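Undergrad: Below are the chains, spelled out letter by letter.
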Amino acid sequence: MEVKLIYHGKLAELMKFATEPFHTEALTAADLSSELLKLHPELANSTFQLAQKNAIISGHDPISEGTIDIFPPFSGG
Amino acid sequence: MNARYARHISLSEVGTQGQQKLAEAKVLVVGAGGLGCAVLQYLTAAGVGTLGIVDFDMISLSNLQRQVLYSEKEVGKKKVDCAKARLQALNSDVEIITHDTDFNVSNAETLCSSYDIIVDASDNFVTRYCINDACIRLGKPMVFGSLYKFQGQVSVFNYHEGPSYRCLFPKPPQPGEVPNCNEIGVLGVLPGLIGTLQATEVLKMILGLGDVLSGTLLQYDTRTHTQYLWNISKQPEEIEKVKNRAKIVPVQTQDCILTPTLSLQEISSEEAILWIDVREAHELPKIEAQNVIRDSEVDLSEAKTKGKKLVFFCQSGVRSRKATDEYMAKGVSNCYSLQEGAAALQQWLAEKT
Chain D
0 MEVKLIYHGK LAELMKFATE PFHTEALTAA DLSSELLKLH PELANSTFQL AQKNAIISGH
60 DPISEGTIDI FPPFSGG
Chain U
0 MNARYARHIS LSEVGTQGQQ KLAEAKVLVV GAGGLGCAVL QYLTAAGVGT LGIVDFDMIS
60 LSNLQRQVLY SEKEVGKKKV DCAKARLQAL NSDVEIITHD TDFNVSNAET LCSSYDIIVD
120 ASDNFVTRYC INDACIRLGK PMVFGSLYKF QGQVSVFNYH EGPSYRCLFP KPPQPGEVPN
180 CNEIGVLGVL PGLIGTLQAT EVLKMILGLG DVLSGTLLQY DTRTHTQYLW NISKQPEEIE
240 KVKNRAKIVP VQTQDCILTP TLSLQEISSE EAILWIDVRE AHELPKIEAQ NVIRDSEVDL
300 SEAKTKGKKL VFFCQSGVRS RKATDEYMAK GVSNCYSLQE GAAALQQWLA EKT
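Those protein sequences? They're chains D and U, same order as listed. For the first sequence, numbering that gives the first Met the number 0 puts the final residue at 76, and the numbers step up evenly by one. For the second sequence, numbering that gives the first Met the number 0 puts the final residue at 352, and the numbers step up evenly by one.
To be clear, the hints were calculated from the coordinates, so they are not data collected in a lab. None of the values given here were measured: they were computed from a predicted structure. A portion of the hints provided could be inaccurate.
Stated by the list, open to error - Below, computed lysine to aspartate or glutamate pairings styled on EDC-like, alpha-carbon distance capped at 16 Å:
| no. | chain 1 | residue 1 | chain 2 | residue 2 |
| --- | --- | --- | --- | --- |
| 1 | U | Lys321 | U | Glu279 |
| 2 | U | Lys148 | D | Glu64 |
| 3 | U | Lys233 | D | Asp60 |
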């Protein structure tokens, strides 16, 4: 399945790009996370969540084609 | 009251009853920085009856780029005092209560207990998780806001048993993983935008208006005006853990607050500063001035109470960071590490004094 990843906040700087076309075999959020960490080990030390279609997804939540947002916590105030 | 709040009262959704609800509301704002300034300004104007402000910090010149309650003349003064004076001039109906302290695991529940709604306008994860945990334990809503350069996040946690910040991010990031505004910079209008959204949620909750941003994270990007709304699932086990602890447990004590650092460029010569030399006695250049002391001469109890900034310096800014961390761990909140070394300080002192 083809998805488009959008990196937010500091993650876009860490990756050096804000969007990435991504081919995935994953069907769930957890599997996508593992694939992502394998391909981009630089994300291993980052805290982030995935979101698709207006909802944060994790664990067994299914993923589908389209855009997937990857965002970290922000600190500033 | 009617003339001042006429534009609220004309709204059929607010009316005199709604305005009365605002007058009876008590809101605590934790942090009087960029977010806090925006939140406080609008809640004061709106006539929220009681506003508490928690902040230990003093105004720096570099705050003025976004912290719109403060002025040049106030650099070096306590944020809570200046905020109160400014807000009271805006609206004398509002009772402003200042809490000149940091917000920590020991005082969190006491501070929050007298208020209906708690606004997280803090700039670090230790404080944010502490607010979250206090709100869970006391059953109070937390209006969260945070910033990264050009982007902001907003949500309302623990509202009518809704999700908490720990449902979004169960664990805080690693120490140093996420930089804050002081370290990396922030577009000046961003805290104004995000803080205004937080104030909006406070007013909506008090007035029972619209859909409160509970169970939803709003993320906003000033560069594109893209706005995301993501549903957050409640993680009951995360909430239960916090409820079942004997007291609030701090997340990675002090570690994930990056060492507060000041550059000579952002220090005003009028600020009350105690310079603390952490070098060995033989190291050159010697810095001799009335307000310069050695590390060994610091009186801890005096340092905690005195209305001065403690700025640690060494040759390059490395040892001074370590000293700053140590003093913060000892409970001295108002300390900073000088980014530059002794040679630059010597030159600065010669020019400024």
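Undergrad: Indicate, hint by hint, whether the structure satisfies it.
TA: Results for each hint:
{"no.": "1", "hint": "Lys321(U) x Glu279(U)", "result": "holds, 15 Å"}
{"no.": "2", "hint": "Lys148(U) x Glu64(D)", "result": "violated, 30 Å"}
{"no.": "3", "hint": "Lys233(U) x Asp60(D)", "result": "holds, 14 Å"}
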